[in-house]
Amino acid sequence: MEETFDLVIVGGGPAGMSAAIVAARAGIKTIVIERGEFPGSKNVYGGVVYVHEIEKILPDFWKDKTAPIERVITDSRIVFANDHGAMQVGYKTDRFSDPPNVITTHRAKWDRWYANKAKEAGVLIVNNTVVEEVLRDLTGRVTGVRTGRPDGDLYCKLVIFADGAQSPLLVRAGIRKEVKAEHVALSVKETIQLSEEEVTKRFGAKPGEGVTFEILGSLADKMDGVAIMYTNKDTVSLGIGANLEQWKKSKVTPYEMIDKLKEHPMIKPLVDGGQTKEYVAHWLPEGGYDTIPKLYGNGYLLCGDTAMLFNALHREGTNLAQETGRLAGEMAVKAIKEGDTSESMLSEYDANVKNSFVLKDMRKYRKFPHLLFNNPMIFQTLPDVVGDMIEEMLLVDGKSKKEKQKIIVRNIRKKVGLYRLMGLALRAWRSVK
Amino acid sequence: MSDQEWKGVLVFIEVTDGKVQEVGWELLGEAKKLASKINQNVQALIIGHDVEKFAKDAIAYGADVVYVVDDPGYKNYITKTYAKAFVEIVNKHKPDIALIGATNLGRDLSGAIATVLKAGLTADCTGLDIDDQSKKLLSTRPTFGGNIMATIFCQKGKPQMSTVRPKVMKMPEPDPKRQGHVIKESVPVDPKDLTVKILEYIPDSCLESVEIEHAKILVAGGRGCNTPAGLDKLKELAKLIGGELCGSRPLVEAGAITPDRQVGQTGKTVVPRVYIAVGISGAIQHLVGMQNSDCIIAINSDPNAPIFKVATVSIVGSWQAIVPAVIEELKKRMGRQ
Amino acid sequence: MHIVVLIKQVPDTQEVKIDPEKNTIVRAGVESIVNPFDMNATELALQLREQYGGKVTVITMGPPQAAMALKETFSMGVDKVILLQDRGFAASDTLATSYVLAQGIKRLEADGEKVDLVICGKQAVDGDTAQTGPGVACRLSFDQITYVTQVDKIDLDTRTIVARRRLAKGVQVVQAQLPALLTVEKDINEPRYATLRGIIAAERVKVVEWCAADIKADAEQIGFKGSPTWVKRIFTPPPREGGPKFDGPDAVKKALEVVLDNQHFKEAVFGEEGVCKR
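Protein chains in written order, with the numbering used here: chain A, 1207 to 1639; chain B, 33 to 369; chain C, 1486 to 1763.
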């Protein structure tokens, strides 16, 4: 007698695995189909993970010595950079160390560990297998999936799709639209090898603790993008993300871009002498609220990156993936136990997601992508001007403060225009209000 | 029986198709060096039918004593009979060290012998030496596809056995005036052991060619030129300079060349004087099969191909552009020569 | 017909490095795979089972994680998987390994499961010795056929097997008596892609584990003690130095200047040796 499953989850990343753990714990027979060699082998992200979200699924996980935590982040900084300087605003505290608030992890290690937790909960994980087709019955209801393996059809009561930003599967099945280039960012990240002591020392941290930097500015050569720098145990993650259209316009390759970044006066001393250990690139959905597809249908749910759930401003893809995975898992439990996996039943998932901080945040920042795309000066001119402004203020050259003020205002007028600046400030405020 | 009673460096002289395999002579040269370090003699063992005539060559190449097991039952090699004969000779004459060429036959045979004798066996060695203090044999061999070299010794067991790669040890100069003993040993074949029968032998269809292990010049194709047009160009080049065609695994998998022409970890190791690699990236699995060639010429369109790191001369470009140009240039120069 | 396949779990050889301080092989973070030749051996066993009926048992000697390798073969469709696992087996060389594997097979036979055919991969891609298969054949007194590229026929009445061996200059067709042991070449077949059901079954299967006592293994013949060969040292081979590289329009002309000046090239192509004797 062949083994049957109640719930099939496509994708073994943070979204899919969170759904799996929740469902399996409630006694639902769950199977996860992952296309990579192991969960995490095909996943890429900046590196930051929110403890609160994970604790909803794995309480006190950080006390477990086997949990692959790189560093506990106690120091968060935002940086405005131009090509010769940078302004940093940061907050450092002891309050985020125990219990930890935010941690850095290594994606492959984390996902594998997380998958083992799923296995412990009774989830069956099948690797090296691609789901090629969505199976439906005559009414159009999703009844299972077809994998690329021989004899590879799997029927079940509910399917959760957690298969990432591009998902040609869902596009083919008509469940989601293709991602437009203007809604996708390409992120490249380099992991630079130093040593544990070196990282601790250079970033002024305590052993086991670390720093995150979100960097905005014109260091991305004629390209609008955001950079990140995160500390791991003995490595530093340095990454740049920009809208795909921007990458196309720019003449510089992603590799060259990161090399430029490494030469920046603020960054160079922190990573100098380190060896490139790893290089990854990945798609990120960036379209925001307006690009979110319908999250449910007869017999299925969507969660994570495949649902375009990504907060462009706060870089919270993993966070939202876990949360929506959890909610999808809970919905699956209810629907399967009550024997109703119809669209009307599953609409409850949609309501839950909208009411969670996930969609609330995305709605809040709905206009932000537009703001970014339509105001390139945010990436270039503004950091430039702000930088000039501060430099002027800091430069000791015998000029009086009043004179300096005049120079600054003249500069702003020339490069940006006071009215433009105020208009931008207003729009920015409106877009994130 | 204490270890001290085992003396002598024995070399197995393989005779296949009526010919002595050269590795046997190479090993006699090596055996001489090892034997002098431990003050022992060099012995040779020849098993087969109608092989007594090779004993004098063995002496010329360095053997002090030659054991000959000559019997019609040994005409064709089968593991059981040869292993039995070998073991009997070893138990009778007790050599301290036994060396076998790592040919198909040698590697088929050595595992069986070592198991019966409970002896230490090191396979496919590229280097042999004697440890200064323990006076034991040190065998160096590639592991992990050649990524890591290991030096092995026998903490127990006699004889200390190693199979050695052909064409690694230098071929010695034969001295026809050398003197030595030939001892004929009788080890009749037990008919009950003849359970393996050779039904047929199908030689390779390319009868007009030389085995790549014996070729002095090789032209090798890789994934980067794995098309009929590419193969044709390579054959043309090979013909022009008197070389043989060979290649990496993808060519075998595509049926473009027969498996015996595969160079690499799972193919053959070659040490020609000239190796021209076209469209071969130089992955370690291929490199281990050819990196000891004297002159390596690499042609690849990827400027970062690993093969360039070991090539004597590198040319960056596609085979379509480079190979015909090379052929033309060579024709010109060869016309002049 | 009962076919036993002997497999080995090996590190993915591309990534293996030496720890410069401890002079040992760094295995941390290196993925483990089923020895590629053993996948071909498993595939051959499955094909023969399809043709002649019977069952396939896969055995490996290894640490606990070698069970993953067994599961991979189970997902392809073999009938039973056995792990020979004991701390005493660690650090075994090929002599000790062939002893343990042979003892395992003898235990199967003692349990009433007579073995007709043993199939191994030609060599393991970490050790590269190709000695273990012949060692097992010798201990079991099985006929041995190495470098097999094809099995032509098995006749269960006359208890014979006809197979082809790849030799240096040609293919040899041999006939041996069953029970026999084969070592197979990679070009013998293409290992099958496991079915979804196969993978699911592999996750669920109970791997039989036998320790030294279960196979009546003599302590003197296993592990470190039972291994005549010990490693004195390991090292990374010195890299070969590369010569000049030529690019651009005049690349061929310039390169050939160097080539034609090369002693080896000159002697090989223009000297007497260059004449290919056909």
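Keep in mind the hints are simulated off the structure, nothing from the lab. From a predicted model like this one, the values you see are computed outputs, not experimental measurements. Every residue gets a Cβ at the ideal spot worked out from N, C-alpha and C, and that includes glycine. One or more hints might be untrue.
Within a straight-line C-alpha distance of at most 20 Å, the following computed EDC-like cross-link-like pairs (lysine to aspartate or glutamate) qualify [what the hints assert, rightly or not]: (1) B/Lys202 - B/Asp334; (2) C/Lys1730 - B/Asp334; (3) B/Lys188 - C/Asp1732; (4) C/Lys1502 - A/Glu1484; (5) B/Lys341 - C/Asp1732.
Ranges between beta-carbon positions, derived for each pair [unchecked claim]: (6) C/Asp1564 - B/His213: 53 to 63 Å; (7) C/Pro1549 - A/Glu1209: 17 to 27 Å; (8) C/Asp1564 - B/Glu84: 32 to 42 Å; (9) C/Leu1641 - B/Pro335: 55 to 65 Å; (10) B/Ala353 - A/Trp1489: 34 to 44 Å; (11) A/Arg1342 - C/Asp1564: 33 to 43 Å; (12) A/Thr1210 - C/Ala1576: 37 to 47 Å; (13) C/Pro1549 - B/Gln187: 20 to 30 Å; (14) C/Glu1675 - A/Val1295: 37 to 47 Å; (15) A/Glu1209 - B/Asp49: 54 to 64 Å; (16) A/Gly1545 - C/Leu1641: 47 to 57 Å; (17) B/Pro335 - A/Val1486: 18 to 28 Å; (18) C/Glu1705 - A/Ser1303: 54 to 64 Å; (19) C/Lys1717 - A/Leu1264: 45 to 55 Å.
Partial list, computed: chain C residues near chain A (C-beta under 7 Å) [as the list claims (entries may be wrong)]: (20) Ser1626; (21) Arg1682; (22) Ile1684; (23) Val1690; (24) Val1692; (25) Glu1694.
We went through each hint and held it up to the structure:
Between the alpha carbons of B/Lys202 and B/Asp334 the distance comes to roughly 36 Å, so the proposed pair goes past 20 Å and is violated. Proximity of C/Lys1730 to B/Asp334 is assessed by CA-CA distance (about 12 Å); at most 20 Å being required, the pair is judged to hold. A C-alpha spacing of about 55 Å is found between B/Lys188 and C/Asp1732, which places the hinted pair above 20 Å, so the restraint is violated. Only pairs whose Cα atoms come within 20 Å are accepted, and C/Lys1502 paired with A/Glu1484 is accepted, the gap being roughly 17 Å.
A C-alpha spacing of about 15 Å is found between B/Lys341 and C/Asp1732, which places the hinted pair at or below 20 Å, so the restraint holds. At roughly 57 Å, the beta-carbon separation of C/Asp1564 and B/His213 lies within the given 53 to 63 Å, and the hint holds. Remark: the range hint 17 to 27 Å for C/Pro1549 to A/Glu1209 is upheld by a beta-carbon distance near 25 Å. Taking 32 to 42 Å as the suggested C-beta distance range, the pair C/Asp1564 and B/Glu84 does not conform, at roughly 52 Å.
In this structure the hint that C/Leu1641 and B/Pro335 lie 55 to 65 Å apart at CB holds, the actual value being about 58 Å. Taken as a hint, the range 34 to 44 Å holds for the pair B/Ala353 and A/Trp1489, whose Cβ atoms sit roughly 36 Å apart. At about 36 Å, the CB distance of A/Arg1342 to C/Asp1564 agrees with the hint of 33 to 43 Å. Between A/Thr1210 and C/Ala1576 the beta carbons are some 45 Å apart, a value that agrees with the proposed interval 37 to 47 Å.
Checked against the hint of 20 to 30 Å, the pair C/Pro1549 and B/Gln187 passes, with Cβ atoms roughly 27 Å apart. A hinted range of 37 to 47 Å for the beta carbons of C/Glu1675 and A/Val1295 is inconsistent with their spacing of about 59 Å. Range check, A/Glu1209 to B/Asp49: Cβ separation about 57 Å, and the 54 to 64 Å hint holds. For the pair A/Gly1545 and C/Leu1641, the beta carbons lie near 54 Å from each other, so the given range of 47 to 57 Å is met.
Evaluation of the 18 to 28 Å hint for B/Pro335 and A/Val1486 yields a pass: the beta carbon distance comes to about 23 Å. Taking the beta carbon of each, C/Glu1705 and A/Ser1303 are about 56 Å apart, inside 54 to 64 Å as hinted. Distance hint for C/Lys1717 and A/Leu1264: a CB-CB separation of about 48 Å, consistent with the stated range 45 to 55 Å. With its C-beta approaching chain A no nearer than about 39 Å, C/Ser1626 sits outside the 7 Å limit, and its interface hint is violated.
Of the supplied interface hints, the one on C/Arg1682 holds, with its beta-carbon coming within about 6 Å of a beta-carbon of chain A, less than 7 Å. Below 7 Å, beta-carbon pairs count as interface contacts, and C/Ile1684 has one with chain A at about 5 Å; its hint therefore holds. For C/Val1690, the interface hint is violated, since its Cβ never comes within 7 Å of a Cβ in chain A; the closest pair sits about 12 Å apart. With 7 Å as the threshold, the beta carbon of C/Val1692 stays out of range of chain A, its nearest partner Cβ sitting at about 16 Å, so the hint is violated.
Taking 7 Å as the C-beta contact cut-off toward chain A, the hint placing C/Glu1694 at the interface is violated, the least distance being around 20 Å.
Hint compliance for this structure: hints 1, 3, 8, 14, 20, 23, 24 and 25 are not met, and every other hint is.
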